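Enquirer: For the record, the sequence lines run as chains A and B.
Be aware that the first sequence starts at 202, since it is given in this note's numbering, and climbs by one per residue.
Be aware that the second sequence starts at 202, since it is given in this note's numbering, and climbs by one per residue.
Check each hint, because a few of them may be wrong.
[Unchecked claim] DSBU-like, lysine-lysine: derived pairs with alpha carbons at most 30 Å apart:
1. 462(B) <-> 557(A)
2. 455(B) <-> 304(A)
3. 557(A) <-> 575(A)
[What the hints assert, rightly or not] If you want the footprint, here are the derived chain B segments under chain A, 3+ residues with CB under 8 Å:
4. 262–270
5. 311–319
Please keep in mind that the hints were generated in silico from the structure rather than gathered at the bench.
All of these numbers come straight from a predicted model, not from anything done at the bench.
C-beta atoms are modelled at their ideal positions from N, C-alpha and C, and glycine is treated no differently.
Number of protein chains: 2
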Amino acid sequence: MAEKITKRADDYSQWYLDIVQQAGLAENSDVRGCMVIKPHGYAIWEKMQRALDRMFKDTGHVNAYFPLFIPKSFLAKEEEMAEGFAKECAVVTHYRLKTIPGKGVQVDPEAKLEEELIIRPTSETIIWNTYRNWIQSYRDLPLLINQWCNVVRWEMRTRLFLRTAEFLWQEGHTAHATQAEAEEETRKILDVYRTFAEEWMAMPVLTGLKSAGQKFPGAVYTLCIEAMMQDKRALQAGTSHFLGQNFSKAFDVKFQDQNGKLEHPWATSWGLSTRMVGGLVMTHSDDQGLVVPPRLAPIHVVIVPIFRKPEEKQATCDAARKLAQALGAMPPDPWYNYEPLTVKIDDRDQHQPGFKFNEWEVKGVPIRVELGPKDLAQNACVLARRDLPGKESKMMGVPLAEAPTRIVGLLKAMQSALFERARKFRADNTLSVDTWDDFKKKIDEPGGFLWAHWDRTRETEDKIAAETKATIRCIPYEQTKETGKCVLTGKPSEGRVVFAKAY
Amino acid sequence: MAEKITKRADDYSQWYLDIVQQAGLAENSDVRGCMVIKPHGYAIWEKMQRALDRMFKDTGHVNAYFPLFIPKSFLAKEEEMAEGFAKECAVVTHYRLKTIPGKGVQVDPEAKLEEELIIRPTSETIIWNTYRNWIQSYRDLPLLINQWCNVVRWEMRTRLFLRTAEFLWQEGHTAHATQAEAEEETRKILDVYRTFAEEWMAMPVLTGLKSAGQKFPGAVYTLCIEAMMQDKRALQAGTSHFLGQNFSKAFDVKFQDQNGKLEHPWATSWGLSTRMVGGLVMTHSDDQGLVVPPRLAPIHVVIVPIFRKPEEKQATCDAARKLAQALGAMPPDPWYNYEPLTVKIDDRDQHQPGFKFNEWEVKGVPIRVELGPKDLAQNACVLARRDLPGKESKMMGVPLAEAPTRIVGLLKAMQSALFERARKFRADNTLSVDTWDDFKKKIDEPGGFLWAHWDRTRETEDKIAAETKATIRCIPYEQTKETGKCVLTGKPSEGRVVFAKAY
Numbered sequence: 202m203a204e205k206i207t208k209r210a211d212d213y214s215q216w217y218l219d220i221v222q223q224a225g226l227a228e229n230s231d232v233r234g235c236m237v238i239k240p241h242g243y244a245i246w247e248k249m250q251r252a253l254d255r256m257f258k259d260t261g262h263v264n265a266y267f268p269l270f271i272p273k274s275f276l277a278k279e280e281e282m283a284e285g286f287a288k289e290c291a292v293v294t295h296y297r298l299k300t301i302p303g304k305g306v307q308v309d310p311e312a313k314l315e316e317e318l319i320i321r322p323t324s325e326t327i328i329w330n331t332y333r334n335w336i337q338s339y340r341d342l343p344l345l346i347n348q349w350c351n352v353v354r355w356e357m358r359t360r361l362f363l364r365t366a367e368f369l370w371q372e373g374h375t376a377h378a379t380q381a382e383a384e385e386e387t388r389k390i391l392d393v394y395r396t397f398a399e400e401w402m403a404m405p406v407l408t409g410l411k412s413a414g415q416k417f418p419g420a421v422y423t424l425c426i427e428a429m430m431q432d433k434r435a436l437q438a439g440t441s442h443f444l445g446q447n448f449s450k451a452f453d454v455k456f457q458d459q460n461g462k463l464e465h466p467w468a469t470s471w472g473l474s475t476r477m478v479g480g481l482v483m484t485h486s487d488d489q490g491l492v493v494p495p496r497l498a499p500i501h502v503v504i505v506p507i508f509r510k511p512e513e514k515q516a517t518c519d520a521a522r523k524l525a526q527a528l529g530a531m532p533p534d535p536w537y538n539y540e541p542l543t544v545k546i547d548d549r550d551q552h553q554p555g556f557k558f559n560e561w562e563v564k565g566v567p568i569r570v571e572l573g574p575k576d577l578a579q580n581a582c583v584l585a586r587r588d589l590p591g592k593e594s595k596m597m598g599v600p601l602a603e604a605p606t607r608i609v610g611l612l613k614a615m616q617s618a619l620f621e622r623a624r625k626f627r628a629d630n631t632l633s634v635d636t637w638d639d640f641k642k643k644i645d646e647p648g649g650f651l652w653a654h655w656d657r658t659r660e661t662e663d664k665i666a667a668e669t670k671a672t673i674r675c676i677p678y679e680q681t682k683e684t685g686k687c688v689l690t691g692k693p694s695e696g697r698v699v700f701a702k703a704y
Numbered sequence: 202m203a204e205k206i207t208k209r210a211d212d213y214s215q216w217y218l219d220i221v222q223q224a225g226l227a228e229n230s231d232v233r234g235c236m237v238i239k240p241h242g243y244a245i246w247e248k249m250q251r252a253l254d255r256m257f258k259d260t261g262h263v264n265a266y267f268p269l270f271i272p273k274s275f276l277a278k279e280e281e282m283a284e285g286f287a288k289e290c291a292v293v294t295h296y297r298l299k300t301i302p303g304k305g306v307q308v309d310p311e312a313k314l315e316e317e318l319i320i321r322p323t324s325e326t327i328i329w330n331t332y333r334n335w336i337q338s339y340r341d342l343p344l345l346i347n348q349w350c351n352v353v354r355w356e357m358r359t360r361l362f363l364r365t366a367e368f369l370w371q372e373g374h375t376a377h378a379t380q381a382e383a384e385e386e387t388r389k390i391l392d393v394y395r396t397f398a399e400e401w402m403a404m405p406v407l408t409g410l411k412s413a414g415q416k417f418p419g420a421v422y423t424l425c426i427e428a429m430m431q432d433k434r435a436l437q438a439g440t441s442h443f444l445g446q447n448f449s450k451a452f453d454v455k456f457q458d459q460n461g462k463l464e465h466p467w468a469t470s471w472g473l474s475t476r477m478v479g480g481l482v483m484t485h486s487d488d489q490g491l492v493v494p495p496r497l498a499p500i501h502v503v504i505v506p507i508f509r510k511p512e513e514k515q516a517t518c519d520a521a522r523k524l525a526q527a528l529g530a531m532p533p534d535p536w537y538n539y540e541p542l543t544v545k546i547d548d549r550d551q552h553q554p555g556f557k558f559n560e561w562e563v564k565g566v567p568i569r570v571e572l573g574p575k576d577l578a579q580n581a582c583v584l585a586r587r588d589l590p591g592k593e594s595k596m597m598g599v600p601l602a603e604a605p606t607r608i609v610g611l612l613k614a615m616q617s618a619l620f621e622r623a624r625k626f627r628a629d630n631t632l633s634v635d636t637w638d639d640f641k642k643k644i645d646e647p648g649g650f651l652w653a654h655w656d657r658t659r660e661t662e663d664k665i666a667a668e669t670k671a672t673i674r675c676i677p678y679e680q681t682k683e684t685g686k687c688v689l690t691g692k693p694s695e696g697r698v699v700f701a702k703a704y
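Full structure from sequences and hints, please.
Expert: What follows is the structure in structure tokens.
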């Protein structure tokens, strides 16, 4: 814990890795490309899951579980998907090892599968193969199903949380009787994702449509939420796909509509993953360590009793326990997903208060309570907010009786402040660009989100990406109507789109 | 839904499959040995997870996530484990497919892994390989970590929930400074499992030690909870293993103790899986369909408004909504894990009440409320309890204002009644057997749990299993002290153990 965190300004990538490591969020495993999600990182993911899962259920969705394995031939049935995922598939070819005394274990050549199985990179194929038996009549629709699971996409260049061979996510797969209803679902989920990002993660996002070059393989179109990290690069944070009838046709799923006519149902799919933990780190953290928005904090409050003598320890620890109890007894609040506030008392003997303050700062605990003999003599304590710098963060002489209410107030204030700070950061790093020279210059320096006109062709999109490494992050829903000329080709454009370098 | 459920007495196996299918719990997938857990089945598993997860956290455990893949060589490091699991391992050998236009996809022979990866059948090896970096000092101990995940054990003969190639579970993996502390943890978790089984699942269990023939490969010893299904066969429902220093030695994990001496930590592991959903079905269900203990019910109450004319529909549905609201507003109760009661109103036009009653009975909803115009005229309703037969289940003329309190009372009464019924069933089907002839006869007819003396040798255990297909389910903690002679060999025995045929 005494290790230094690299400063963002010095080496952004190393800063990120330092935070992930020193806050105890995750680490690389000895399995290539796969990470271990450590308890503090997993606790954040659990909070995310709890919040999202409730939102899915409130919008009529239920959870289910489909197999990890997908027969190779299933993938081939939807051509675009096969093309899109074939290069990243982990393939199971055998189902047995044999032990050879003194020589360890070997793959048993006699246990070769007739058809290879791939580890799901996404589950549209296995799920639509199952839906064939579940959907006969319009009465069976809509099917609104979500699954929490692990998926594998064999990545060559990985980065903890942001890009790993195995990751955890939720994937929704819905089936509808009409195109309009499926498209409405696609939008509804985008709105769930936006609400989750903004209200829980305190992460402002653009919402909009992906260009053809960026859409999901197998989708008719893809909607996304797109966030800006502190190095001004974009992070695709969640996607919602309108799949049309692509999968219902590929897997021969039909239903009888109200007029007795056989139709293919319309589909959506949508996902949000542990990548979001990386997004959380990169949106809010600072040079002192992790900063977690209070609604997703695994520990809301740490109380550090300050003592030298045994009688001081006794008195301050007693007061700490009393305060912790009072905090734990605050009425359940939807703001925390109806869970009690989590309070930690750090009464370790072997460390000095300064060491403890630093450790909990690195771990991103939103509120620190300092409780020394002098505070106690006045029935008071000191509160410190994780997101404010140095002295500004401290509130001295807070009466202990008022502390629980004040703490809840601070948690809510911090949540809003983080969101506002991130929104300002994005605004400060968003530019309009009208010429190609300007584009090429500004995409590198100062960087950020570049709003520019584009002629809506794949060709131009690819050329811009090849020359600048910037991609179209989205065609945003919220923008002022404005026609113009494509920044590269000068051809007519119906409106600006957002370019950026992305994770 | 109108399909008949096979009677238990006619064909027990088919009865089980009928329930699983018609209650919408699970189905076989097109991937050999893998099941699809359908929404109603998954909802039961979610309730189980929620209850268990809280118990783990209340006993100081935290969750984390380790990779799905295990390098083949890791498995080889602990010989007994390698021997135990090698024959059931799914093996990943390649990391890429290639698409061949018009011919689908093929495994890319150039993308062969240097070292094959197996899909985790259990995670001791990958986790202890990770712990090596996490444990240096006694201050790093204990490590109390749990993981919720999927695992794969390639099974040749599968049965939904009870034995599938892929299943979901939790696996705890703890590390301790002393043997005594690790053994205490092994017992503490067994107690968590027993409490969960008895208080949440209403499933009485024996607790005890596994014999050498039944212990977990790699464990020093295995503790278990063991339940009796309605066909009198045993189900191993959860296991807690004391691993000694087997894995810390195999993976070279050492820590400095308080005296500065380097030691290998002591380990436990423990798991409970979706198999328990099958156990729930087989413990409580009847010839009418699924019976779910109320604390784990995805839907607690179904309200069926009964109407013919539109004005009747209006009135009864209004009253149903009002009652549902009152039920939803009952204060959160630890008895339901602080979650609101789940209430469903079945106001479908196309089905008759009898059809609806039957459907919700098949799905195991604990309480049905019938609300017709005549009931409404008296501001009353009819309550029906799922676990009681026919007319006995009905309470007529329950005042609507009292219904919420009465319903909660019935839910709690039903939970206790299910437990008592299962306990009685087990008692009625438990025998003491003292001679080998008696053993051989009674293990088939009447069957059940046979308490018999055993000479504590592996040889005798294996002989009995070979001749009768009965295994030692456990050496129970709770029994009267009694010495005797082994039922097979006549050699001295220190106490009876429990034999049964098992799933």
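Enquirer: Mind listing which of the numbered hints don't hold for this structure, in increasing order?
Expert: The structure breaks none of the hints.
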